[in-house]
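A.B. asks: Chain by chain, the residues:
Number of protein chains: 2
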Amino acid sequence: MSEILVVGSLAYDSISTPSGKVDRALGGSANYFSLAASLFSKVRVVGVVGEDYDQNDYELLHSRGVDLSGLSKVPGKTFHWEGSYEGDLNEAKTLKTELNVFEHFNPQLPEHFKDSSFVFLANIAPELQLQVLEQVKSPKFVGMDTMNFWISIKKEKLIDVLKKVDLVLINEGEAKMLTGAANAISAAPLITAMGPQAVVIKRGEYGFAMYSKTEGYFILPAMPIPTVVDPTGAGDTFAGGFFGYLAAQKTVPTIAHLKQACIMGSMMASHTIQDFSVRALSKVTLGDLEKRLAEYKKVITI
Amino acid sequence: MSEILVVGSLAYDSISTPSGKVDRALGGSANYFSLAASLFSKVRVVGVVGEDYDQNDYELLHSRGVDLSGLSKVPGKTFHWEGSYEGDLNEAKTLKTELNVFEHFNPQLPEHFKDSSFVFLANIAPELQLQVLEQVKSPKFVGMDTMNFWISIKKEKLIDVLKKVDLVLINEGEAKMLTGAANAISAAPLITAMGPQAVVIKRGEYGFAMYSKTEGYFILPAMPIPTVVDPTGAGDTFAGGFFGYLAAQKTVPTIAHLKQACIMGSMMASHTIQDFSVRALSKVTLGDLEKRLAEYKKVITI
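Chains as they are written, first to last, in the numbering used here: chain A, 1 to 302; chain B, 1 to 302.
Derived by calculation from the structure, the hints in this document are not laboratory data.
Treat the hints loosely; a few may be bogus.
[Said to hold, decoys possible] In the DSS-like style, the derived pairs of lysine-lysine whose C-alpha atoms are separated by at most 25 angstroms in a straight line are: (1) B:298 - A:259; (2) A:298 - B:154; (3) A:298 - B:259.
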């Protein structure tokens, strides 16, 4: 089996949306990613939590076969994010970011994580992404995400990471910010010119646009979901479904695999947004995904 | 052959975008619509222009076989719109609207227009849309567009028109405004509940979302176009390609026809945005469309 290594945040999120609010609910890129990816593949997590991290939140990943031996618990409190969404829910307004134990995160891979075949560097500081990559022996396929904060203050270092990965998953606003392009279509080839073979631009309610150096664009809409309860974690869920599917193919990914992986990521994310936090995601089965995929194919078939 | 009747504006537009600017270039919904639709079908135009309307601009439609006997030339100046686009070009900033002769537009159908099978009521005052509809004997298929201005000041009258049409083509922001829905997906069934069998929500760079009472959603992305020169008229071009294709099928449209019509509208609009005014659109051939359709199918094929 091909294992996936993910490094990212484990967090408690306080979120309000037009559908309601939650306080200190489970969140963080590594949690969303792992829950999604573990439906298809073995996942290994590298991250840090504080003393307040709930035993049930460990158990959730543990029950999905996720290897948590790279997760350190240190004195202090777990990363906490507070945000709100209004109107069309396309953009979160950050009300508070308490880095807490995440501020001094120093990712160290357990020895048995170093042979991981698939690696996903979720949105953390570019130096830390590099530090993780240096510890992995010979990965088959490496992907990364980032965010506006790192683009504005650590762009050079970020470009160093871009040179070392096979694929970037990035949201549309950040793709434009990174490249200075006016739209996702013109941003995509500028991003692959920085190094990676392919880029997947996440467009929220509009779906995704993938671009690969060899085969150009692959673009599809999102599954139509009339009521979005909470979009938090949709991008990390997409990445988890994407990598989970890829790793399960047990081979070096082809473009055909990447296309299918986009669809899987998209179907998985369409569940996440239907409830707060990881509530909907943690209940999704392969049967649910297949059913949704069949509905989706009807929506996009001419 | 099934004739299409269109009622809408004929205008001169002054437009600036990041790609440059044009002054008093040909525009207006009826022009974009007719140029697109006439590639497939016979088109009849009802509209009004001023004494400044250029003979070459008549000739352009005339050369495409468009019947201009419903076009009246009256004392005064032609409708003039001035706008600018910035950044991602998703929204025009209106700098000036001079209604001129359009202010007292009183659409009267020539006798031989009254048997038109397909009718498109472009974005004009709802009372005028009704006035046109009352003059048509027994149309097979009626579509309409509208805009934020009419939604805010003439919503009731607009709802009267909605009850009498088969299909609405509307942009995403206006669909949300009309229904109070948070997104296009939830807006769509609220619009069909007002009367029409189907709605096509135009999403600009993200493509379109169609919804029909009988078969639900049909959603696809736009053709990827790296450099958008001028998005003006893209929606009216979409409608023209859509109706042109439908009318050419010479039968009452099925959902399968409507889906193909969306694709044709979308392919046609992807040309319009590649140059200012009607420059690119007026040169498009059926061969160009077929070529683009083949490229598009590669982009959306899993």
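A.B. asks: Now tell me, hint by hint, if it's right for this structure.
C.D. replies: Against the structure, the hints come out as follows:
1. With a C-alpha separation of about 12 angstroms, the suggested pairing of residue 298 of chain B with residue 259 of chain A holds against the 25 angstroms cut-off.
2. Distance hint between residue 298 of chain A and residue 154 of chain B is unfulfilled; the C-alpha atoms sit about 37 angstroms from each other, more than 25 angstroms.
3. This hinted pair checks out: residue 298 of chain A and residue 259 of chain B have alpha carbons roughly 12 angstroms apart, not beyond 25 angstroms.
The earlier numbered hint that this structure contradicts is number 2, and it is the only one.
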